[in-house]
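Student: Here is how the chains run, residue by residue.
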Amino acid sequence: MNRKSKTILSIAVVIAMTIGLHATGVLRPIEETIMGLIGRTTGSAYGLSKKVQAKFATKEELALTAQGYFEEIQDLTFDKTRLELLEEENRELRQQHDFIITNQYPAIGADVIGRTLDPLATAIRINKGHRDGVSIGNPVMIGEGILIGKVYEVQKHSAFVRLMNDNNSSIGAMIMNGDKSIGVVEGGYGLGVRMNFIPQNEVVTPGDVIVTSGLTPGMPRGLVIGTVELVEKQPHEPFQQAVISPTADFSYINVVTVINYPTFEDTETSSS
Amino acid sequence: MKKWLYALKLIAFSFLSVFVHLSVVSLLPHPWYAVHIALSLLMLQIISAERGSIVWMGFVIGMLFDIYSTSLFGLHSISFTFTALFLYWLYKEIFITQSLWAVALLAMTGTVLFRVIYSIISFFTTTVLWSDILVYSIVEFLSTVILTVLLYLGLGIYKHHKPLH
Chain A
1 MNRKSKTILS
11 IAVVIAMTIG
21 LHATGVLRPI
31 EETIMGLIGR
41 TTGSAYGLSK
51 KVQAKFATKE
61 ELALTAQGYF
71 EEIQDLTFDK
81 TRLELLEEEN
91 RELRQQHDFI
101 ITNQYPAIGA
111 DVIGRTLDPL
121 ATAIRINKGH
131 RDGVSIGNPV
141 MIGEGILIGK
151 VYEVQKHSAF
161 VRLMNDNNSS
171 IGAMIMNGDK
181 SIGVVEGGYG
191 LGVRMNFIPQ
201 NEVVTPGDVI
211 VTSGLTPGMP
221 RGLVIGTVEL
231 VEKQPHEPFQ
241 QAVISPTADF
251 SYINVVTVIN
261 YPTFEDTETS
271 SS
Chain B
1 MKKWLYALKL
11 IAFSFLSVFV
21 HLSVVSLLPH
31 PWYAVHIALS
41 LLMLQIISAE
51 RGSIVWMGFV
61 IGMLFDIYST
71 SLFGLHSISF
81 TFTALFLYWL
91 YKEIFITQSL
101 WAVALLAMTG
111 TVLFRVIYSI
121 ISFFTTTVLW
131 SDILVYSIVE
141 FLSTVILTVL
151 LYLGLGIYKH
161 HKPLH
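One line per chain: the protein sequences are A and B, in this order. Under this note's numbering, the first residue of the first sequence carries the number 1, and numbering increases by one thereafter. Under this note's numbering, the first residue of the second sequence carries the number 1, and numbering increases by one thereafter.
None of these hints come from the bench; they were simulated from the model. Take these hints with a grain of salt, some might be off.
Said to hold, decoys possible - Computed list of lysine-lysine pairs in DSS-like fashion (alpha-carbon distance at most 27 Å, straight line):
| # | chain 1 | residue 1 | chain 2 | residue 2 |
| --- | --- | --- | --- | --- |
| 1 | A | K80 | B | K3 |
| 2 | B | K3 | A | K4 |
| 3 | B | K92 | B | K3 |
| 4 | B | K9 | A | K80 |
| 5 | A | K4 | B | K92 |
| 6 | B | K92 | A | K6 |
| 7 | B | K92 | B | K2 |
| 8 | B | K2 | A | K233 |
| 9 | B | K9 | A | K4 |
| 10 | B | K9 | B | K92 |
| 11 | A | K6 | B | K3 |
| 12 | A | K233 | A | K156 |
Extracted from the complex, chain A is given alone in its bound form (with noise of 0.2 Å):
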């Protein structure tokens, strides 16, 4: 065997006895003074790496902080949202409801729940149908009412809403001037409201509000529809025509009350 064997040898036999010593305790005592030794030593040392470590660990605290702080504003940001959200939603069905209260209407609230398909239509979909009450023909506003349009088609649980500004929409006016003018307020492809068949001799003014005349069956009268933006007259025409900026946006529609106002029929049928 040469040399580099028998040291390698050597070796292993002290390194194998001292792990064999320390299984069995022998070496527990030894290890335990050395111990003892060290961790006086480093005990110190240790101390101060603790007060040196908190001006290191100081950034990293600061920047896992700041991340901290960061996905927390995130969070709140979107709770903010969310509030907001709600508020306005709040906001809405209380200006509804005093609406409701005040002019004792029959009502019911509904959620916008998706608009039509038809290119050509300017409709929204509710989420209450004829199970809830909700009929065809009755008036369909947001805030403190002002109108949107009428249910046109009633399922068991949702209702597709007209909007006014749809070109199959029709609706009895009333311009609160000092003539009272009443007219038909008609939609266009979703672009524009027109109030019609204003007689001509009567005074139109831009800003003039606009709202139901209650004309139309199951409209109750007194819904804002709008205001007037431009008024259209010829000569020779016998009726003169109102542009109308409606009131509502209906870009943003979220929470809607339906009015089960009773129709001339309902009253009828009521009596008799």
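Here the structure of chain A is known, so what remains is to put chain B in place on it, guided by the hints.
Tutor: This is chain B only, laid out in the frame that chain A set:
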């Protein structure tokens, strides 16, 4: 008498290496606490002492580590002792010049050898997260080699050993 004194000196230096290693490492932030100060001091001792008995210093350092750590007893003893042995042979037979490059190469070899022996024993005895060990080993390798070279320059050992050109 001289031999006993030398043996005591070796043991004392081993204890000092371990104390310094444990103290300094606890002061260092992540990832620099991977630097192996004890190994670096052992390698410098191999270069400066030029004696085979220095391998037993490796054994003592390893045993102290085994007593202090909670890992399998013998893991550090085996790693340190055989690393010291192979490094001594390398120094005597291959890296015979005392140039800075030789010291750097010796440090690289020693660090790699130590970690390889340690990992092989760990593989058979415990569950190892190799990705963690790899990252740790890379930092340990770089920092230990740099430290060894800097200490070699700083301690002036080079002055006592003229390079053979």
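Student: Look at each hint and say if it fits the structure.
Tutor: Do the hints match the structure? See the list:
| no. | hint | verdict |
| --- | --- | --- |
| 1 | K80(A) to K3(B) | violated, 79 Å |
| 2 | K3(B) to K4(A) | holds, 22 Å |
| 3 | K92(B) to K3(B) | holds, 22 Å |
| 4 | K9(B) to K80(A) | violated, 70 Å |
| 5 | K4(A) to K92(B) | holds, 13 Å |
| 6 | K92(B) to K6(A) | holds, 18 Å |
| 7 | K92(B) to K2(B) | holds, 24 Å |
| 8 | K2(B) to K233(A) | violated, 126 Å |
| 9 | K9(B) to K4(A) | holds, 25 Å |
| 10 | K9(B) to K92(B) | holds, 22 Å |
| 11 | K6(A) to K3(B) | holds, 21 Å |
| 12 | K233(A) to K156(A) | violated, 45 Å |
Checked against the numbered hints given earlier, the structure breaks hints 1, 4, 8, 12 and satisfies all the rest.
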